[in-house]
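Colleague: Listed below are the residues making up each chain.
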Amino acid sequence: MDDSILIETRELVKIFGGLRAVDGVSMTVRTQTLHTIIGPNGAGKTTFFNLLSGNIRPTSGKVFYKGRDITGVPPYRRAHIGIGRSFQITNVFPNLSVLENVRLAAQAVGHDNYKFWADHRRFHKYEERAQAILQQVGLASQTNLPARLLPHGGKRKLELGILLASDPDLLLLDEPTAGMAREEIPMLMEVIRSVRETGKKTIILVEHKMDLVMNVSDRISVMHQGQLLAEGTPLEIAANPTVQKAYLGDLYGDLTEGK
Amino acid sequence: MNETLSTTTHSSARRRLAQWWPYLLILGLLVLFPLLAGATIGDPAAAQDGAGLSSLMQRAESGAAKFWQGMIIQILIFAIFAMSYDLLLGYTGILSFGHAMFFGTGGYAMAILIGRNFNWSFGMALLAVILIALAQSLIFGVLSLRVKGVYLAMVTLAFAEMFYILAEAGDFRKYTGADDGLHGFPVPGWLSATDHRTRFYYLTLIFFVAAFLIIKRLVDSPTGKVMVATRENEHRATMIGFNTFWYKLTAFVAAGVFAALAGALSAMYLVSVTPSMLSLGRTIDVLAMTIIGGMGTLVGPILGASIIQLLGYWLERWFGASWTLVYGILFMLIVIFLPYGIVGTLRARSFQIRDGWKQLQQTLAGK
Ligand SMILES: Nc1ncnc2c1ncn2[C@@H]1O[C@H](COP(=O)(O)OP(=O)(O)OP(=O)(O)O)[C@@H](O)[C@H]1O
Ligand SMILES: [Mg+2]
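First to last, the sequence lines map onto chains P and S.
Going by the working numbering, the letters in the first sequence line up with residues 27 to 285, in that order.
Going by the working numbering, the letters in the second sequence line up with residues 65 to 431, in that order.
Honestly, the hints are just simulated from the structure, not real lab data.
Note that beta-carbon positions come from the ideal geometry of N, C-alpha and C, so glycine has one too.
Some hints could be false.
What the hints assert, rightly or not - In silico EDC-like links for lysine to aspartate or glutamate, alpha-carbon gap of 16 Å or less: (1) K151(P) <-> D138(P); (2) K141(P) <-> D284(S); (3) K212(S) <-> E298(S); (4) K88(P) <-> D49(P); (5) K92(P) <-> D29(P); (6) K280(S) <-> D145(P).
As the list claims (entries may be wrong) - Footprint (simulated), chain P over chain S, 3 or more residues, beta carbon under 8 Å: (7) 277-289; (8) 298-305.
Isolated chain P, as found in the complex:
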């Protein structure tokens, strides 16, 4: 077994009705790299993420994580073995405070979840961790606000905060900047960059905005109609004639696309 490979998919296929949303994707992601997936709308990127995080089961194919077949492992268990994800469409606990949203994620990977006889306030460590995370993602001044009252950009930060709180080894980030105001994006990308550099994390990033990923990515995969069209370093991808012809023009033109 190759220790430097964190997650690997083999011939992963997901069919919805007649649609091959993910169509035979074999991908290898090395430990402590930032691997970006780009591709046009409907290419199957989110579906591929759903297969990695266990949201949905593949029609065929396998997923290996740290050398182990996790194809049938349910999503709540994947969180405990170090796979965490954020969502393209904000997916938080709307009526709970910003702090509680993140605290829950920290509590989830601890060992106190079934202590139904104890007051949750006794477990300071989760709350302290949540406070630190909120500091990191720039929400420290809004800890007591119900999450639903956050502006869109704030919700995107919270989405990332919830993911970071569980301290995963592998972060699956599905368009973390989707719909964010342009001026807020650098801050979020900075957080992602720092997480990667200081935390020894592996990140798979789905992103529409090519300019953002060119200089942070170690590798880039291009997805199209459920299949991997090309894979390589950012320079190789930029130079790849097929990719260039078919997509890069599009994607560069896609800068303001907000989803």
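Given chain P, work out where chain S with the ligands should sit, using these hints.
Modeller: Just chain S with the ligands now, kept in the frame of chain P:
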């Protein structure tokens, strides 16, 4: 938060008192109620031996003092039932249309076991009620929590209906009294609500306080926080690592046990159980109490139980047979004007007011 961590025990005790005094005040009033009622609305003629506490206690066993203790006993029993329902609906987001199944089974189990067929002691029967409720809620929890939302409501309704039909069936008349139910089963003399109303009142109060404290502890625990997360967004709760099924089952079982205890107390108090205890109507009652009082709080269902119980009494006196119509209209008005129930709406308002104050102060400070 650093503030919380660094405060001395002295001020934390004060803060705790500040948080708990409304509860303590109400508890104090409930504890003193039989004496107060004895002194004010009891029948003076009922006091035989002179003055003092014992005469007060005798007066408490008479007239309106006795009646109103009975009213509070029923309120407390329904409050336990409603708190248990809120654990499902308000905290975990599970809409069950079959919660009366536990209330009724608890009542029947108590009535049958202390009845002539078995002659068990009150303590043994109570233990059995708890064990039966545990088994029943585990089984039906596992069966019904596989589905969600309206489907779960329908599945739980079907299970409850099954018990209703069982209770009504002529085949078990010897045990259940079929459609007549059971009446006048031998409640131990020392616990008779007719002869020792005040004693039964305190027994119920103890059960109520225990239920409140245990449920409060549960909802404030890490487990309770996961229940709330499940209510808010089950999908995300799963994705951050919670196997939500177990938390829903925990809520279901705890709710089942407390509902059964409420049913057992009701059976003891009324010395009667009927199939209606297991009916959809009974679940709707407790649903209404929870919604009117405010879901997702414990004070809400208690308030809801009090209001519905008292409203039922007064409306029936004022409007006679047509009281349910007035009740229906009032219920609609409450749902329209207080969409989060009484407690929920008050909380939302106070949040808005506090928020408004903060913003005003910030504006004034030129921030
Ligand atoms: N649950 C589902 N049922 C049926 N079809 C689905 C489902 N989820 C996704 N699809 C379809 O699968 C295809 C791939 O969708 P997916 O969301 O994975 O694309 P994407 O690459 O994430 O696109 P975007 O850039 O717009 O987010 C689309 O055609 C979509 O309509
Ligand atoms: Mg997508």
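Colleague: None of the hints should be skipped; say for each whether it holds.
Modeller: Hints, one by one, checked against the model:
1. For the hint pairing K151(P) with D138(P), the CA-to-CA distance comes to about 11 Å; that is within 16 Å, so the pair holds.
2. Under the criterion of a C-alpha separation no larger than 16 Å, the hint pairing K141(P) with D284(S) is consistent with the structure, at around 10 Å.
3. Annotation: proposed proximity of K212(S) to E298(S) holds, straight-line Cα distance about 11 Å (limit 16 Å).
4. Of the supplied pair hints, the one linking K88(P) and D49(P) holds, its CA atoms being roughly 13 Å apart against a limit of 16 Å.
5. Taking the CA atoms of K92(P) and D29(P), the gap is near 7 Å; set against the 16 Å cutoff, the hint holds.
6. Only pairs whose Cα atoms come within 16 Å are accepted, and K280(S) paired with D145(P) is accepted, the gap being roughly 10 Å.
7. Figure legend: the segment 277-289 of chain S, annotated as covered by chain P; annotation consistent (8 residues with Cβ-Cβ distances under 8 Å, at least 3 required).
8. Coverage of a stretch by a chain is defined here by at least three residues with a beta carbon nearer than 8 Å to that chain's beta carbons; for the segment 298-305 of chain S and chain P the count is 7, and the condition holds.
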